[in-house]
Every structure is written in C-alpha cells, then in structure tokens.
Amino acid sequence: MKSFDGRKTNRSKRNAAIVFLAPAVVFLLLFSVIPMLYSFGISFFRYNTSMAANTIKFIGVQNYINVLTDKQFLESAGWTFTFTVFAVLLNVVLGMTLAVILTTSYWNRVSKIYRTFFTMPMMIAPIVTATIWKLIFSPVYGVLNGILYTLGFERVNWMSQTVTARIALIAVEVWATTPLCMLIFIAALKTVPDEILEAATIDGGSWVQKFRRIILPLIRNFITLVITMRFMDSIRMFDIVYNLTNGGPGTSTETLASTIYKKAFRYYEVGEGSAGAIIFFVLIILFSLMFMKLFSEKEERTNRRRKA
Amino acid sequence: MKSHGMRAFLILLGMTLIGVFFFFPLYWTFITSFKTSSQIFVEKPLFIIDTLYLSNYIEIFQKTNVATFFLNSVVVSGATTVISLVIATMAGFGFCRYSFIGKNALQNSVLIVRMIPALVYTIPYYIIYNKLHLLDTIIGLILAYIAFALPLAIWLAINFFSEIPKELYESAEIDGCSEYRIYSSIALPLVKAGLVVIAILVFIGAWNEFGLALVLQASDAKKTLPIGIASMIQTHKDTPSGSLAAAGMLAMIPAVILSLTTQKYIVKGTMAGAVKG
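Chains V and H are the protein sequences, given in the same order.
The first sequence begins at 0 in numbering that gives the first Met the number 0 and counts up one residue at a time.
The second sequence begins at 0 in numbering that gives the first Met the number 0 and counts up one residue at a time.
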C-alpha cells in the first residue's frame with residue numbers, strides 16, 4: 000500500500016514537473032533556439048530577400064569571409080569598442096562619484112531629491128532619449144547652439160562632424176545609463192560597515208586612503224558587476240545611433256549592430272547579415288569569457304595577497 | 000574650517016553641474032512640449048515660459064497616429080508582461096521544486112540564450128514571420144517579446160523561489176496539497192515582491208524595445224510608440240520640435256512613474272539578474 004502511494008506521488012510529481020517546465024521549454028525552443036539555428040543555417044547561403052527564391056545558393060563560409068574583410072564592418076567594430084570603453088569608464092567614474100557624495104552624511108537631506116532627478120533618465124526608452132537629445136543638438140533651434148549663440152559663440156553643427164557626433168553619442172549614452180550604475184554603487188556603499196570606517200578615521204586615515212584601502216576592496220564585486228553589465232549592454236548599441244545620427248556623418252558613427260542591421264534590412268543581404276550577427280554573438284561570448292577570467296584572476300590574486 | 004567650506008562649495012558646484020547635465024534635457028523636453036512654435040523658433044532659447052500651451056499635444060493626436068501607437072504599446076507590453084510572468088514563475092518553481100536529469104544543463108542554456116544579441120533573432124524572425132503571415136501583427140510582436148523576456152524572467156524567478164525553504168513544500172505535501180496548489184497558494188504568495196521586480200523589468204523592456212519592432216511592424220496601425228516616434232523623426236523630417244517633445248513626453252509617462260515609485264525594485268532586480276548571470 001505504502002509503496003503504491005509512493006509511486007503514485009512520484010508519478011504525479013513527474014507529471015507536475017513536466018507541466019510546469021514544458022511551456023518555457025517549448026516557447027524557448029520555438030522562438031529562440033529554432034530562429035537561432037535558422038540564422039546560423041542561412042549564414043552559409045547567398046540569400047537576398049529582394050531577389051527570387053532560386054537565387055538562394057549555398058556558398059560555404061564566403062559570407063563570413065566577406066564580413067571579416069569588409070572595411071565598413073571592421074571600422075564600425077573599432078568605433079563600437081571605443082564608444083563602449085569611454086561610456087563604461089565614464090559610467091564608473093561618474094556613478095561612483097555621485098554615489099559617494101550622496102551617501103556622505105551631510106548630503107542626506109538633499110540626497111533624496113538629487114536621486115530622484117538623477118534616476119529619471121534610467122527607464123526612458125532609447126528612442127525617447129534620442130528624441131530629447133535631438134532637441135538639444137539640433138543645428139539651428141537646438142538649445143545647445145542657442146546657448147552658444149546667446150553667449151556670443153558660433154553655432155556648431157554637432158551631428159555633421161565625426162568628432163562632435165561621436166562625443167555627443169558617448170555623452171547621451173552616459174546620460175542614459177549612469178543613473179543605474181549610481182544606484183548600484185549606492186547599494187554597494189551601504190554594505191560597507193560603519194565600524195571599519197570609524198576605526199580607520201580614529202587611526203588617522205585620510206579620506207582617499209579609506210576609499211582606496213577599505214571601501215574599494217569591499218565593493219569590488221559591485222564594480223565588476225557594473226563594468227560587465229554596462230560593457231555587454233553598450234557593445235550592442237543600436238537605437239540611439241539609429242535615431243540620433245543614423246550612422247552619419249558618412250558611416251563614421253555606424254556601430255556593429257547598425258551595420259549588420261543595414262546589411263540585412265536595407266540591402267536585403269540576410270545571409271551576410273546573419274553571418275555578421277553570428278560573428279557579433281561570438282564576440283560577445285568571447286568578451287564575457289574574458290571578463291569572467293579577468294575578474295576571477297584578480298580575485299585570486301588579492302586573496303593570495305591577503306593570506307601572505 | 001575654511002578649507003572645509005571651500006570643499007563643500009566645490010562639491011556643491013560639481014553636483015549642480017552634474018545635476019544640470021542629468022536633469023536639464025528632461026526639463027527642456029517638458030517645456031518645449033508646452034511651447035508655441037513662435038516660442039520654439041527663436042534665436043535665444045526661452046528657458047522659462049509662463050503659460051503651458053497644449054497645442055503640440057492636440058496636434059500630435061490629430062495629425063499623427065500617436066494614440067494608436069500608445070494603445071498598441073500598452074497592449075503589447077501588458078500581454079508580454081502577464082504571459083512571461085506566468086510561464087517564468089511556472090518554470091522557476093519547477094526548477095526549484097524538482098530534480099531531474101539534465102536540470103543544470105537546461106538552466107545553463109537559459110543563461111546562454113540570454114546572451115544572444117537581438118540581431119541573431121531579428122533576421123530569422125523577419126523571414127519566418129513573413130512565411131507564417133505574422134509580420135506586422137500584434138500577436139507576432141507579443142510572441143517575439145515573450146521569447147526575449149523569458150530568459151531573464153526565468154532566471155529571476157529561480158532566484159526568488161530558491162529562497163523558499165524546501166520544508167514548507169514538504170509539509171504542504173503531507174497535508175495533502177496538490178503540486179498545483181503548492182505553486183499557486185504557497186510559493187507564489189511568498190515571492191510577491193519578486194513578481195513585482197520581474198513584471199517591472201519585463202514591462203519596461205517591452206515598452207522600450209525598438210530594433211525588433213522596427214523590422215517586424217510596418218503599418219501605422221500595428222506600430223508601437225518607439226517606432227511610431229522614430230517614423231515621426233525619420234520620414235517626416237519636418238516634424239516640429241514641439242510635436243516631438245510632446246510625443247517624447249507621452250512615451251516617458253510609464254517609465255518616469257515606474258522609476259519614481261519602484262526604484263528599489265529595479266536595482267534589486269538588476270543585481271539579482273546579473274550577479275549570478
């Protein structure tokens with residue numbers, strides 16, 4: 000009787016497990032795994048959606064060769080990387096500065112108002128961010144040029160020069176993404192026990208010393224988190240570039256994502272576009288492996304130093 | 000003491016400058032949306048206005064399909080959130096409650112799916128949807144968004160459910176609770192705060208999504224707000240600043256409300272989703 004019951008509950012449990020997990024598994028199979036395999040498959044074909052179906056032809060790794068020798072693709076990879084490094088660096092520096100100041104005691108009262116102001120850009124859609132900054136950078140009636148004009152300077156055509164367009168894009172990305180970094184750093188700083196800091200103050204440690212020797216090592220994991228998260232996010236930059244500069248002037252602000260997008264949907268080369276997207280995916284995996292290795296090594300090294 | 004005052008002043012100055020950088024663009028959009036065109040097209044910009052004119056808002060509702068875009072965005076984001084929440088909590092509960100062969104492999108593959116850049120999906124979605132006649136449909140977009148949302152949502156759900164002690168399930172089982180009752184009456188109520196986190200992140204993700212909608216949605220009747228606004232910028236190059244600002248304000252509403260009221264949840268969710276991921 001007992002064993003029968005046991006088998007019965009086991010079977011009903013197994014059924015329940017299937018019922019609970021099946022929807023997710025089926026959904027991800029149909030809508031993630033199959034499309035991905037499909038994309039991988041057509042990356043080996045000459046496939047142009049604007050041409051008749053009989054022009055689709057297997058060409059091996061030719062698409063990959065084309066993409067990797069395409070000057071535009073390599074240039075956009077370089078710019079995407081530069082963009083990401085600058086944006087993440089500013090994210091960390093600005094976010095940490097704000098977090099430190101806002102958690103310092105005599106700022107407590109104003110801190111709440113500031114935090115509300117700072118965090119608003121965080122949730123806004125990239126397209127709205129682009130719209131907002133269009134109003135600011137617009138050449139004739141944009142407010143930035145308006146201010147320059149009022150102060151007696153020449154108007155600048157921000158989006159038609161490579162350097163200013165690139166600086167503008169980094170500034171916009173920093174504007175949109177720093178608030179979340181700041182909030183994470185504030186949460187991080189709250190994990191540092193007050194007693195340790197007080198003890199250091201009594202020992203006569205200066206503020207910079209305290210920050211470098213006590214706070215930084217304690218919150219290193221949070222910094223790792225912010226850098227990794229932001230890097231992976233910025234490297235995919237598409238929306239803001241597409242709407243603010245549309246890659247221009249020329250193709251100088253075209254990112255990896257926008258280059259691949261245009262290949263597939265403006266020139267209809269979905270085969271070559273897929274090859275580009277797969278290469279992009281491989282790059283992302285390589286970067287995340289690199290981050291994992293980099294940060295775990297660092298951790299080991301500091302652990303060893305602490306033991307010694 | 001003097002140097003302390005100097006430092007406080009410098010910090011105040013720095014904070015004000017950073018504050019201006021972060022806040023001014025929003026303020027500028029806000030007042031631009033309430034200006035008349037004669038107030039917008041001036042050589043020296045007006046920073047303060049005494050009357051809030053509604054003409055820009057009236058104009059975008061009359062001349063563009065912004066009302067349709069907004070409604071589509073609400074439907075798409077709402078449906079994506081609800082369905083993702085159901086599927087993800089079921090999966091999260093399943094992963095935490097049962098052990099089976101290949102469980103770890105399955106959980107890890109959810110993580111890998113999360114890393115795939117949207118572009119890898121966008122191209123096959125376009126081709127497959129074209130064949131299935133799902134291009135330019137609301138249903139098609141919702142299905143795609145659920146697929147985008149699920150990896151993160153499942154991952155968060157696993158995190159939240161794993162905090163529930165196993166003994167609770169066992170005692171419920173002894174009391175004769177069915178597995179489905181355990182899920183709905185015991186597990187779900189215990190992770191209510193977690194459900195809010197998942198819902199917010201999924202909703203905002205869908206509300207803000209741009210690239211996929213740009214490829215899949217073609218007609219004005221099926222466009223969401225982000226691509227609706229983008230087409231106002233791109234195709235009608237002469238769309239006046241006032242209308243753009245007004246459309247931007249409309250699209251901002253849910254984001255600003257959520258970021259003001261649920262900041263804590265967002266930080267918690269982002270960290271829970273990223274720390275182990």
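One thing to keep in mind: the hints can contain errors.
[Said to hold, decoys possible] Covered stretches of chain H, going by a simulated chain V footprint (3 or more residues, C-beta under 8 Å): (1) 25 to 33; (2) 65 to 72; (3) 105 to 112; (4) 130 to 140; (5) 157 to 170.
[As the list claims (entries may be wrong)] Below are the DSS-like pairs computed for lysine-lysine, each with C-alpha atoms no more than 27 Å apart in a straight line: (6) V:K111 x H:K130; (7) V:K189 x H:K263; (8) H:K62 x V:K56; (9) V:K133 x H:K62; (10) V:K292 x H:K263; (11) V:K12 x H:K267.
No wet-lab data here; the hints were simulated from the structure.
Since this is a predicted model, take the numbers as computed values, not measurements.
The beta-carbon is built from N, C-alpha and C at its ideal position, and this holds for glycine as well.
_Which constraints among the numbered hints does this structure fail? Numbers only, ascending._
2, 4, 5, 6, 8, 10, 11
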